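> These are the residues of each chain, in order.
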Amino acid sequence: MALAFDEYGRPFIIIREQEQKSRVRGLDAQKANILAAKSVARILRTSLGPKGMDKMLQSSDGDVTITNDGATILEQMEVENQIGKLMVELSRSQDYEIGDGTTGVVVTAGALLEQAEVLLERGIHPIRVAEGYEMASKIAVDTLTKISTKFEYDIFNFEPLVQTCMTTLSSKIVGRCKRDLAEIAVKAVLAVADLDRRDVNLDLIKVEGKVGGRLEDTELVYGIVVDKDMSHPQMPKHIEDAKIAILTCPFEPPKPKTKHKVDIDSVEKFEALREQEKKYFDDMVQQCKDVGATLVICQWGFDDEANHLLMHRGLPAVRWVGGVELELIAIATGGRIVPRFQELTADKLGKAGLVREKSFGTTKDRMLYIEECANSKAVTIFIRGGNKMMIEETKRSVHDALCVARNLIRDNSIVYGGGSAEIAISLAVEAAADKIPGVEQYAMRAFADALDAVPMALAENSGLQPIDTLTAVKAQQVKENNPYLGIDCNDVGTNDMQQQNVFETLIGKKQQIQLATQVVKMILKIDDVITPSAF
Amino acid sequence: MSNMLQPQIILLKEGTDTSQGKPQLISNINACMAVVDAVRTTLGPRGMDKLIHGDKGVTISNDGATIMKLLDIVHPAAKILVDIAKSQDSEVGDGTTTVVLLAGEFLREAKPFVEDGVHPQLIIRSFRAAVQLAVQKIKELAISIEGKSLEEKKSLLERCAATTLSSKLVGGEKEFFAKMVVDAVTQLGEESRLSMLGIKKVQGGTMRDSFLVNGVAFKKTFSYAGFEQQPKSFDNPKILLLNLELELKSEKENAEVRLSDPTQYQSIVDAEWNIIYDKLDKCVKSGAKIVLSRLAIGDLATQYFADRDVFCAGRVMEEDLHRVASATGGAVQTTVNNVVPEVLGICERFEEKQVGNERFNIFSGCPAGHTATIVLRGGADQFIEEAERSLHDAIMIVRRAYKNSTVVAGGGAIDMEISRYLRQHARTIAGKSQLFINSYAKALEVIPRQLCDNAGFDATDVLNKLRQKHALATGEGALFGVEINTGGIVDTFANFVWEPAVVKINALTAATEAACLILSVDETIRNPKSESAEGGGAGMGGRGRGRGMPGRGRGMRRR
Numbered sequence: 001m002a003l004a005f006d007e008y009g010r011p012f013i014i015i016r017e018q019e020q021k022s023r024v025r026g027l028d029a030q031k032a033n034i035l036a037a038k039s040v041a042r043i044l045r046t047s048l049g050p051k052g053m054d055k056m057l058q059s060s061d062g063d064v065t066i067t068n069d070g071a072t073i074l075e076q077m078e079v080e081n082q083i084g085k086l087m088v089e090l091s092r093s094q095d096y097e098i099g100d101g102t103t104g105v106v107v108t109a110g111a112l113l114e115q116a117e118v119l120l121e122r123g124i125h126p127i128r129v130a131e132g133y134e135m136a137s138k139i140a141v142d143t144l145t146k147i148s149t150k151f152e153y154d155i156f157n158f159e160p161l162v163q164t165c166m167t168t169l170s171s172k173i174v175g176r177c178k179r180d181l182a183e184i185a186v187k188a189v190l191a192v193a194d195l196d197r198r199d200v201n202l203d204l205i206k207v208e209g210k211v212g213g214r215l216e217d218t219e220l221v222y223g224i225v226v227d228k229d230m231s232h233p234q235m236p237k238h239i240e241d242a243k244i245a246i247l248t249c250p251f252e253p254p255k256p257k258t259k260h261k262v263d264i265d266s267v268e269k270f271e272a273l274r275e276q277e278k279k280y281f282d283d284m285v286q287q288c289k290d291v292g293a294t295l296v297i298c299q300w301g302f303d304d305e306a307n308h309l310l311m312h313r314g315l316p317a318v319r320w321v322g323g324v325e326l327e328l329i330a331i332a333t334g335g336r337i338v339p340r341f342q343e344l345t346a347d348k349l350g351k352a353g354l355v356r357e358k359s360f361g362t363t364k365d366r367m368l369y370i371e372e373c374a375n376s377k378a379v380t381i382f383i384r385g386g387n388k389m390m391i392e393e394t395k396r397s398v399h400d401a402l403c404v405a406r407n408l409i410r411d412n413s414i415v416y417g418g419g420s421a422e423i424a425i426s427l428a429v430e431a432a433a434d435k436i437p438g439v440e441q442y443a444m445r446a447f448a449d450a451l452d453a454v455p456m457a458l459a460e461n462s463g464l465q466p467i468d469t470l471t472a473v474k475a476q477q478v479k480e481n482n483p484y485l486g487i488d489c490n491d492v493g494t495n496d497m498q499q500q501n502v503f504e505t506l507i508g509k510k511q512q513i514q515l516a517t518q519v520v521k522m523i524l525k526i527d528d529v530i531t532p533s534a535f
Numbered sequence: 001m002s003n004m005l006q007p008q009i010i011l012l013k014e015g016t017d018t019s020q021g022k023p024q025l026i027s028n029i030n031a032c033m034a035v036v037d038a039v040r041t042t043l044g045p046r047g048m049d050k051l052i053h054g055d056k057g058v059t060i061s062n063d064g065a066t067i068m069k070l071l072d073i074v075h076p077a078a079k080i081l082v083d084i085a086k087s088q089d090s091e092v093g094d095g096t097t098t099v100v101l102l103a104g105e106f107l108r109e110a111k112p113f114v115e116d117g118v119h120p121q122l123i124i125r126s127f128r129a130a131v132q133l134a135v136q137k138i139k140e141l142a143i144s145i146e147g148k149s150l151e152e153k154k155s156l157l158e159r160c161a162a163t164t165l166s167s168k169l170v171g172g173e174k175e176f177f178a179k180m181v182v183d184a185v186t187q188l189g190e191e192s193r194l195s196m197l198g199i200k201k202v203q204g205g206t207m208r209d210s211f212l213v214n215g216v217a218f219k220k221t222f223s224y225a226g227f228e229q230q231p232k233s234f235d236n237p238k239i240l241l242l243n244l245e246l247e248l249k250s251e252k253e254n255a256e257v258r259l260s261d262p263t264q265y266q267s268i269v270d271a272e273w274n275i276i277y278d279k280l281d282k283c284v285k286s287g288a289k290i291v292l293s294r295l296a297i298g299d300l301a302t303q304y305f306a307d308r309d310v311f312c313a314g315r316v317m318e319e320d321l322h323r324v325a326s327a328t329g330g331a332v333q334t335t336v337n338n339v340v341p342e343v344l345g346i347c348e349r350f351e352e353k354q355v356g357n358e359r360f361n362i363f364s365g366c367p368a369g370h371t372a373t374i375v376l377r378g379g380a381d382q383f384i385e386e387a388e389r390s391l392h393d394a395i396m397i398v399r400r401a402y403k404n405s406t407v408v409a410g411g412g413a414i415d416m417e418i419s420r421y422l423r424q425h426a427r428t429i430a431g432k433s434q435l436f437i438n439s440y441a442k443a444l445e446v447i448p449r450q451l452c453d454n455a456g457f458d459a460t461d462v463l464n465k466l467r468q469k470h471a472l473a474t475g476e477g478a479l480f481g482v483e484i485n486t487g488g489i490v491d492t493f494a495n496f497v498w499e500p501a502v503v504k505i506n507a508l509t510a511a512t513e514a515a516c517l518i519l520s521v522d523e524t525i526r527n528p529k530s531e532s533a534e535g536g537g538a539g540m541g542g543r544g545r546g547r548g549m550p551g552r553g554r555g556m557r558r559r
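If you read the protein sequences in the order shown, they are chains Z and L. Counting from 1, one number per residue, gives the positions in the first sequence under UniProt numbering. Counting from 1, one number per residue, gives the positions in the second sequence under UniProt numbering.
Since the hints were derived computationally from the structure, they do not count as laboratory data. Among the clues, some could well be false.
[Claimed, not checked] Result set (DSBU-like, lysine-lysine): computed pairs, CA atoms no more than 30 Å apart in a straight line:
hint : chain 1 : residue 1 : chain 2 : residue 2
1    : Z       : Lys187    : L       : Lys279
2    : Z       : Lys348    : L       : Lys279
3    : Z       : Lys255    : L       : Lys79
4    : L       : Lys56     : Z       : Lys85
5    : Z       : Lys21     : L       : Lys79
6    : L       : Lys232    : Z       : Lys377
Every value quoted in this text rests on a predicted model; they were computed, and no experiment measured them.
Could you build the full structure based on these sequences and the hints that come with them?
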């Protein structure tokens, strides 16, 4: 802290524990902040695009994650620096809102800051830079809306949706079966979507994974897959037209919640108690039988005695099913969750066309498939893969794809990917900049330059000459006045993204630009950092 | 030094630090200046933010009061500045940086006089006289917006809000937020309490995705299995508000049931079930379609309600519940017996909606009105926190202006005008007072000067232009202030840079009070205990911990 001395030469102690705090102000603070943000962005730069590389992260307890997803990488890195944390939150916000483009947003923000640094060194007031960026981002969003196209889809023709999801998946490790996964994601979203309200509740899509098999074995189940098996090995493994009783009460004698004590002082009483206990089990099973249930799914466990009885009466049962799964089963089968045996009635039973237990490979792992449900509004994506890390990464990729599909159902506007949108915006902003008087003009030009970072990184990651490629595409865009030209990452031979079918959602792109600008503005506005010097 | 000759008289406990007289006064002033320097750069639309990393996490803020509080100032004289910032904050909500800056500047102007041997009381008396004149002048200059139609008034209020917001992080979207704030405040009505205005924060999305709910909104509460099977939207639902647990549980703590006959067992179990079923049945029978409770609503109840197409939410925050109550006209019940239709609330539309990553319960179109909820969106936590503080300032301003609707021109215009007036007045006074009032007038110029400095303009140049304009005999220049975009001067009133008069009045009086207070202190006695606690940072200052939980920014205080 800046020290002040009084008349006797003693330092003022103005702030608590003053000596232990460090303070950076003015341009130094801004530069330090920019540096921190830039280094975070640099880490993600190589993950961008279809040829982007993955990162391997080891957590403090030894778990290894291999991923290409920006938000996950940053989350696992446990960034300590405050400004770095802002970048982490930036990508998390993108993840929450859009679900995809988490790498792009950080790379963009990093590039914006890099450009801002140059301007600051020239002595331009940071707020003027921030305002210039703000103006530029408005132009950028307008341009995006202009170059976006809408496409039509319906339940039967979902090809465009699949194409867009494929663009998202192409950058992931699962890229080799992106077609299959994209189709699965789109079908899943369409199954649960409310097309009138244009709302998708992703909670209804369960993503389950199991080690083993190949990625190609991944399937979409119109129903629920539960990682459980029948409570008794001799129960039937295959039930058709199942009527399911969904219970949240255990198969045991009910216990009053009030503290209680049963005084047994004679043999007769003990006998009576035993009898009664036995009768409870008997009644419970009988009640299930009476309403016509052919399968019992229970949230709790049950006694061996009950298990045996259920087996004996030919009533298959599943125990220890979690609350969330129970709820999904109830939704899928149209049943009601029953908290008490007395309440069990025939119309509260869920219906499923087929319930089967499936075992995998040579292991004893079994899973329960509940299919052909009365109400198909709950689906499961069942992922297979060689190892656990692969499955986790696939889950994340599928989540991204699901989010993209959901966003398209909400708003069916798309822009073309491969950096084409960024190049188009960059051109538009640069053109607009010349018309603005004042210092903001410089800031807007810097914004335009910064936007080149994304196509540049794409080209670099694909092993192309970044500057050559970018300038060539840019010149071509201007010449042909075609905003759909981007970087040909996969060496297909054309750089028209319309022909390559590389789409991104409009809202995702918009959000990227707006969020990045917002955070950059916030970082630029800070001119004073006070921290305990332990950090 | 004379006491070296005679034996020292020990009056105070050993280690007590005393300092007195003129040097003490000067040193206090210096300490205050150091604090003022910390917030100086946050003033105005080109003001910068501060990042403060404390033990309570990180805050990025532009708000004077917040920064002062987080700096954790221990210097006794400098603490006064923190207090006036706080008082400005609670009194009017905005202008917290202004008040600190003014107080600092008054002290700076007084310093040479004190050094020259002027008795501080003389300065104080003149300053007090000056502030009275200044307040009078503000009242004269203030322009009333009373008596306009509601629509007109709204647009005027929006201008005030926009002026406040322009210096904040959300400044880029100030029109958008100004409108939102004014809508919210007018929704609340004249006599409302601030607690009826909820601000909810959801990470993700951009600022523009923020929205105002004409009613109440709160985050989906923890739910049990069965919740997803409940209907999630209603038109004109009746709402039952409870402060009651709807769970299967023991009715009385520490009660014990003793059975001697095992066959009686079932009857106890049944009795317990009947109690809860009876409660649930009464809820449903009341005709309510939505049941909210401050306490838990268990899985049994959730499923029971799902079966009967009733929506329920347990563990609703108390403030949210009260907001729902006053919005829908319902009353919170502590029992389900005798639920008469009058205690049920009603609203036009209820909906569960996805906002970012969260689901929100939204009650809109409430008949009783008087509540509004602002849902803020933003890219990062700190960002939303700061947006909330900014909106709080704007809300306070609008509320103030709504009740007490006189405004003055901002952008330093009013300060320049008062400064001119005081200079003029000073010339009519014979005696020392002339000098002091003159310096008071000079101190007021700090506002336009700092505005220019922060924006990177030549402050002297702009200030001279302003002085010339304000000195025009016709008085036409009275409304001229700093043009922040180009570095010139402009009629700020015509450009809608407005501030409520009350902000300025309060800032001036508070700053003058503080300055006078500091000037009147000529001795500080610090007992050794507090000295060690402050200085001995290495000794793990026991006082720092003993102070309990310091509030988390300003969000906490406003419940």
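> Work down the list of hints and note, for each, if the structure agrees.
Verification of the supplied hints:
Between Lys187 of chain Z and Lys279 of chain L the CA atoms are separated by roughly 43 Å; this puts the pair beyond 30 Å, and the hint is violated. With a C-alpha separation of about 22 Å, the suggested pair Lys348 of chain Z and Lys279 of chain L falls inside the 30 Å cut-off, and the hint holds. Between Lys255 of chain Z and Lys79 of chain L, the direct Cα distance comes to roughly 61 Å. Violation of the 30 Å bound is thereby established for this hinted pair. This hinted pair checks out: Lys56 of chain L and Lys85 of chain Z have alpha carbons roughly 15 Å apart, not beyond 30 Å.
Straight-line distance between C-alpha atoms of Lys21 of chain Z and Lys79 of chain L comes to about 19 Å, which keeps the hinted pair within the 30 Å bound. Among the hinted pairs, Lys232 of chain L with Lys377 of chain Z is consistent with the structure: their alpha-carbon atoms are about 16 Å apart, no more than 30 Å.
Checked against the numbered hints given earlier, the structure breaks hints 1, 3 and satisfies all the rest.
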